[in-house]
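Asker: Given the sequences, and given the hints that come with them, work out the whole structure.
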Amino acid sequence: MLGYRDLPRDWKMTVHRDIAVIGAGPSGLSAARTLAAAGRDVVVIDKGRGPGGRLSTRRGPEGVRLDHGCQFITLKQAQSTALVQDLMDSGVIARWDPQSGKDSVKKPFAEPDWPIGVPTMSAVPKWFAKGLDIQCGARIESIRADGGAWQLLGSDGIVASATQLVVAIPSPQAIDLLAPIQPDFLDDMHKATYDPNWTLLVSDAAHENPAPFEVMTPDSGPLGWIANQASKPQRPSQSAWIAQATSEWTREHLERPAEEVATLLFQSLQELVGGGLVGTPTAHRWRYALVSQAVGQPCLVDSARKLVACGDWCLGPTVGHAIDSGLAAAEAILKTDS
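Each residue of the sequence shown is one higher than the last, beginning at 21 in the numbering used here.
Simulated from the structure, these hints should not be mistaken for laboratory data.
One or more of the hints may lead you astray.
[As the list claims (entries may be wrong)] List time: in silico EDC-like cross-link candidates among lysine to aspartate or glutamate, alpha-carbon distance up to 16 Å:
1) Lys-326 - Asp-357
2) Lys-326 - Asp-38
3) Lys-211 - Asp-196
4) Lys-67 - Asp-176
5) Lys-150 - Asp-106
6) Lys-67 - Asp-153
7) Lys-326 - Glu-351
8) Lys-67 - Glu-161
9) Lys-355 - Asp-322
10) Lys-146 - Asp-106
11) Lys-326 - Asp-166
12) Lys-150 - Asp-204
13) Lys-326 - Glu-161
14) Lys-355 - Asp-38
Answerer: Rendered as structure tokens:
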């Protein structure tokens, strides 16, 4: 059955595939969707509970859903811009035009009207995943070439086998996975760097949001972005806030317990919104949140080994960059087949 699901610990794939994609974030999904549409037999494998990567939504302690990863979607290339229209026609995204504060610590945004997933951001990867074979809960610990095929190994042995391989995970993780086989492009991968991010989630199902603004980018302090989730289309009116720390503050506190981070960031959020927030704050750490230095190539290809690597780290920090890289990876594979 197509679709994504959690796998039992002792699960092993018995069918050899044309192509295996490691990573079910925006880049891996866009690559897999393009390859499947071209008639290739594709499987996507991800260690997480479901597809999406940074296009993710979490249920808070009060039962309110919060988009704790990417806050909106930036797509500028011709191919990925066309995807926006497809997503909008399918009712998967809507435009968000938030109101921002105007005083010294609340900078207005020059161009709001951002595409976002509805009713949550996770609707976008679910749309990408439709019709794909996505196996979740499977951690690939190593890969090896064997008789013209790639074998993907987990802790209990071979997880999958495929003729061609797409690696669509953050570059530090991809380097760890690929270093033993020394692909042609390994040195290029080391050029990419990431900024980490601590994200605060606060919700209260019994109250509505008290603040008179919908987004804020403070000029100082630990927080770099604040979003009133109730201002997004098709969201409930309950109090729901996402606050992202700056990369500098995150690095300084990267290894602190999440409970301590949540307390510190919640104090800052209360000050900026004028108090009145209730609910249980939680914090999520994105170790590879935003690309700070990209490789500068759409994807990296080792044609002789039928191996392609892609991701946001190839082109830049946005979801659009990740999608464009995935599309380039699919195109590279299709060219080798022609």
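Asker: Work down the list of hints and note, for each, if the structure agrees.
Answerer: Verification of the supplied hints:
1. Lys-326 - Asp-357: holds (10 Å)
2. Lys-326 - Asp-38: Holds, because 11 Å separates the two Cα atoms, which is no more than 16 Å.
3. Lys-211 - Asp-196: Cα-Cα ~14 Å, so holds.
4. Lys-67 - Asp-176: holds (14 Å)
5. Lys-150 - Asp-106: Distance ~14 Å between Lys-150 and Asp-106 Cα, so the pair holds.
6. Lys-67 - Asp-153: Distance ~14 Å between Lys-67 and Asp-153 Cα, so the pair holds.
7. Lys-326 - Glu-351: holds (13 Å)
8. Lys-67 - Glu-161: holds (10 Å)
9. Lys-355 - Asp-322: holds (13 Å)
10. Lys-146 - Asp-106: Holds: Lys-146 and Asp-106 sit about 14 Å apart, inside 16 Å.
11. Lys-326 - Asp-166: The given pair, whose Cα atoms are some 13 Å apart, holds under the 16 Å limit.
12. Lys-150 - Asp-204: The given pair, whose Cα atoms are some 33 Å apart, is violated under the 16 Å limit.
13. Lys-326 - Glu-161: Measuring from Cα to Cα gives roughly 19 Å; hence the hint is violated.
14. Lys-355 - Asp-38: holds (14 Å)
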